[in-house]
Amino acid sequence: MAISEVSVVGTKGGGKGLMRIYVVTILLVSALILSGCAPGQTGTHVKPSLDDISRIKKVGLYVKVEKGFAVRLQYISNTDEVFLANLICYSLAARSGARLGGASADTAAAIGTVFGGAMAVAGEFSPDKRATRAMKPEAAQLDSAESIGYALLDAFQTAKVFPAIELMSSESTTAGREHGTDALFVFTVRRWGLRPPLGSKYDTGDKAMAQLELDVNLKLVSSATGKVLWERDEFYLDSECYSLGDFKSQAGLLAGRMEHALQLVCDRTANELHRTR
Amino acid sequence: MKLKRATIGFIVVSAFHLLLCAGCASRPVKVDLNYTPAGTGLLSDLKPAVVSLQVVDQRPKEQRNDIGVQRNTMFGKRHAAVVSKTPEVQVVHNALKAELERSGHHVLNPEQCHGGITVNVVLTQFLMDSKAVGEHIELVGSIRADVRASLNTGKVPQVSFTIESAYRDFVQIGLIRPAFFGLWGMLSSTTQKSDIEKALNGALAEFVRRFCLEPKLRQVFI
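In order, the protein sequences belong to chains A and B.
Letter 205 of the first sequence, counting from 1, is numbered 566 in our numbering, and no numbers are missing.
Letter 207 of the second sequence, counting from 1, is numbered 1046 in our numbering, and no numbers are missing.
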């Protein structure tokens, strides 16, 4: 019904009515694409029920890494990897703008694509990208779902968050049931790396000060029903600041801070699950 | 012809906005900070107690005047300092007091209290900042404090711990509103006051939560 009305408006009023709808749709789609890039705000989204939590005897731990290690010391960091989305949006916006103005849509789309592409290429040579590449070997110790999984397993066992815990290779609740787990604990690393201390200047080079950040989504899912029993977004900001040069030159410093961060997130998880009201 | 008119209009609006903004670049942003509790009291499962609560400031000098930076959303350049209408020590004190009282505990100042539990909070950080992440502005607020809690009778346990809270949220860069002010409006848009407040109040709520869920503090109440 709505579609036919739109078509009538488009034909009666020349191409303009339809064109406006086209432009608005493109803008909305672009906004939707881009809004998906930002993770949620810190806090508890699904509160646990004590009954549900107390029934859990064995938990399967599954670790996902959405974005691996990245240095984000610049105000605009190309390591955020939204350039493909930008490229598409520049192209679509230029194309629709050109149609409204009566210019050649293909020419405008080409200009938009070239502009977006130039930005993506420029990003590849930015200080953050170079620093991320230079620190990859240092970050490698804890830059995979597997390595983070083993570090977490130790931390969870030490903190006694759950009576029994096992590392899983799948997020599926069916696999969880096959392993005899009551719930799956999905630990999603949304982002981890180095950022400038709050309120400081956005410096470049090895003298720039940096602190470790870890952004995770924690979800406890029932193996039997697939229901989310608890969900929280946790953001950890290290209290210790070092220069980027220190992180590069001191072996084990980055991995040590990351292990400390994982331990703290485990402790916080234990506090949240045991005492949340 | 239409294009020419639109271009002239755009330039005029940009110039007007430039004139409007020229004198207010360095005026500090004054923010309202307060804790809004939700749900049942986080310490309501513990036996009601009389608590002597004291919050002192031990932040570095340079952090006492500015609790954050209002930045240009496009380039990240510092636009203005962020200051709180209420002193930060008072903000933290009020928040902890509100949560303790909501949970059924009685909070007094140190000079009024001669029994019960003493809680000393030493504030070491109270900051916010923003950063561009793709098409969003990332807002981060952080509060840190060293806490010492003990029974006023001098009996054990006496505990000390550090509370670190960090809150992160995202807002759209929001070019539609500044676009009304032309190109200059877009280039000179800054972090909104309401977003700065959101980051700091979010960090405050997380700080109170961490404080209440801290196992060492709970030992003292039992």
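Rather than coming from a laboratory, the hints here were simulated on the basis of the structure.
Among the hints, a few may not be true.
Below, a sample of chain A positions facing chain B; criterion: calculated Cβ distance under 10 angstroms [said to hold, decoys possible]:
#1 Gly404
#2 His406
#3 Gly478
#4 Gly560
#5 Asp576
#6 Phe596
#7 Leu598
Yeah, the Cβ is synthetic: ideal placement off N, Cα and C, and Gly gets one too.
Evaluated hints:
1. Gly404: At 7 angstroms from the nearest chain B Cβ, A:Gly404 passes the 10 angstroms test, so the hint holds.
2. His406: 13 angstroms, violated
3. Gly478: It is violated, given that the least Cβ distance between A:Gly478 and chain B is near 17 angstroms, above 10 angstroms.
4. Gly560: Nearest chain B Cβ about 5 angstroms off; hint holds.
5. Asp576: At about 7 angstroms, which falls below the 10 angstroms cut-off, the nearest Cβ of chain B leaves the hint on A:Asp576 intact, so it holds.
6. Phe596: Holds. Min distance 4 angstroms.
7. Leu598: Status holds, d = 4 angstroms.
Of the numbered hints stated above, those contradicted by the structure are hints 2 and 3, listed in ascending order.
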